[in-house]
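The task is simple: from the sequences and hints, build the whole structure.
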Amino acid sequence: MLRLVLEVVGRRLLTALPMIVLVSIVVFVILRAIPVDPVAMLLPPGATAEDAAALRAAFGLDLPLPVQYWIWLKHAAMGDLGQSIFFRESVGGLLARAFPATMELSLVSLALALVFSVPGGLLCYAQNTRLGRMLADLGIVTSLSVPSFLWAIFFILLVGVAFPILPFTGRISGDTMLPNITGFLLIDLLITGRLHDWGDAALHLLLPSLSLALSFAPSVIRVLRSSLMDAAHDDYVTYARQRGVGEGRVLVHHMFRNAALPTITLIGVQFGFLFGGTLLVELIFSFPGLGNLMVQAVRNHDMPLIQGAALVFCIVVLLTNAFVDALYVVLNPRLARRA
Amino acid sequence: MSGWQSALRAGKVQVGLGLLIILLLVALLAPVLAPHDPREQDILNTLTPPAWDAEGSAEYPMGTDSLGRCILSQVIYGSRTALTVAFAAATGSMLLGCLLALVAGYLGGKTDWLVTRMVDLWMSFPPVVLSLLLMVGLGTGVRNVVLAIVLVDWTRFCRVVRSDVIVTRRRDYVTAARLLGFSHLRTIIREILPAAAPLMITMFSLEMGIAVIVEATLSFVGLSVGADVPAWGVMIADGRGYVHQAPWAMIAPMIAIFAAILAFNLLGDGLRSALDPRLRTSRI
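Order-wise, the sequence lines are chains Z and H. Counting from 1, one number per residue, gives the positions in the first sequence under the working numbering. Counting from 1, one number per residue, gives the positions in the second sequence under the working numbering.
Treat the hints as calculated values from the structure; they're not laboratory data. Treat the numbers as computed from the prediction; the structure is a model and nothing was measured. Every residue gets a Cβ at the ideal spot worked out from N, C-alpha and C, and that includes glycine. Be careful, since some hints might not be right.
[Unchecked claim] A few chain H residues that don't get close to chain Z, going by computed Cβ distances all over 10 Å:
| hint | residue |
| --- | --- |
| 1 | L20 |
| 2 | I22 |
| 3 | A27 |
| 4 | T91 |
| 5 | L114 |
| 6 | D120 |
| 7 | S183 |
| 8 | R186 |
| 9 | V221 |
| 10 | D269 |
[As the list claims (entries may be wrong)] Examples of chain Z residues toward chain H, derived with CB under 7 Å:
| hint | residue |
| --- | --- |
| 11 | V5 |
| 12 | L6 |
| 13 | F86 |
| 14 | G139 |
| 15 | V141 |
| 16 | V298 |
| 17 | C314 |
| 18 | A322 |
[As the list claims (entries may be wrong)] Which stretches of chain Z does chain H cover? Using the computed rule of at least three CB atoms under 8 Å from a CB of chain H, they are:
| hint | segment |
| --- | --- |
| 19 | 15-23 |
| 20 | 95-109 |
| 21 | 122-131 |
| 22 | 262-276 |
What follows is the structure, encoded as structure tokens:
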């Protein structure tokens, strides 16, 4: 079993590697089409054209595009993503600091989304009156129409401004000194035993992750419900019923296990949306993650940083796909036996 | 054509169409409906509360923003931006995506391999990240927003329509058409395209909803339409800056965004189940 999983993951990682290189080329080409001269912002007001040319040469911006890319790739392969033009700091360091925050946010959101969507899907499926089905249908379409940033603003207005109960800026209150062990605040604070701060960090995480989870859950609910509907007419379900197995047990022990597979595929495919959605949600909640960093980089035309951040986003999506594939093999005994 | 008739009778399609018609009317009649010019700044009346508030005035039914611009008028004119972007971007992505899907699905072989790899490559970008990158490269403006959405979302059409075309291509009537001596082009247009049409129309409607979200997202970041074009996303982004002084400023554009997406989703969802019952189980 373990060998099989490693094989699947290994195969996917091998195909992911050329994909990452291709992604970096796409990013590189798009960013070089930029109309703004990144050097112009760094020069003092009285600078001459020669000064600009000198600075451009210092950044290597006067070389042909393929040469620039080759230099970047050589450095990137050794883990050096260059210097941020705006922050005057290594891109790798900036990304490494922001990455755990975003990852923590997306994982908590994903967990919350599952908490909503598994019972939600079962509940929507179990509607056997016309009215119940209609309401379930209407509920799904309506909630699909609320993107994560609308939830975010809605929560800020409701529990941040109208009833100030929950915090809605940053990762933690005030200027609490943060431990930096894994970068995942909820883990670090737990390890160091600062339970009060842990609660504070969890409260800060609540609204952003809830916004993402609520916009992600409806599509999961919809797939789960339709997979359950498909399963309802399968022979094994009829057989289980004829054996006298109770309806609730049939639903949870027989149908749900099969309906879970397409649902996992969907989560894998849609994870990019959730992960990309962190960008705006982070911006709205001033959450110091990758998305916020990327928006700042975009506003400052900080190309090395934009490039690095975009690449990290894509790598995470590609790795998630590899992981979901492996999970699929583990959970689907038919695939596991065949290989 | 009974499929289309039953589609029109479906409740979701009717509500969705109704909402959409209201939105279209608002956009078309904006100069008549809006009480003010959306760009007009009334420096003496900044952050006025809405009319139902004790301090509000009837002159500005939804209040004003920090520059004294009428919020209602901005929302009304914003519908023009949103609908233009939604329609143009959905049309563009449908054309590009379906063209590639038809070519790939029909020809198969290397072409199919290449298109599929392209889709895979595109899908490894989170959509928001790719559209943001494209906006950085293209620069702001309505036309570039449309272009960015088309360049990101063609994959949605391509993926789904391609697998549909592959199924249709193997049907007997397509083989019969080829045996009768139809050219490849004629076979695609007369035999394969009509089979994929219901799917394309459904996805077109859903794509308009997605385009509204993307446009609002890009506006929010400040990388969308130009500064003087009223857009819902820009209004929300501005409103966030003075959320404590004027929380009402964000409510109208939020409702507008929600209503537009809901209209497109209801329409798309209703069409999906009415036109093609098989698709009820599909995952788009």
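Hint check results:
no.	hint	result
1	L20	holds, 13 Å
2	I22	holds, 16 Å
3	A27	holds, 19 Å
4	T91	holds, 21 Å
5	L114	holds, 13 Å
6	D120	violated, 7 Å
7	S183	holds, 35 Å
8	R186	holds, 35 Å
9	V221	violated, 6 Å
10	D269	violated, 5 Å
11	V5	violated, 22 Å
12	L6	violated, 22 Å
13	F86	violated, 14 Å
14	G139	violated, 12 Å
15	V141	holds, 5 Å
16	V298	holds, 6 Å
17	C314	holds, 5 Å
18	A322	violated, 11 Å
19	15-23	holds (count 3)
20	95-109	violated (count 0)
21	122-131	violated (count 0)
22	262-276	holds (count 8)
Of the numbered hints given earlier, the model fails hints 6, 9, 10, 11, 12, 13, 14, 18, 20 and 21; all others are met.
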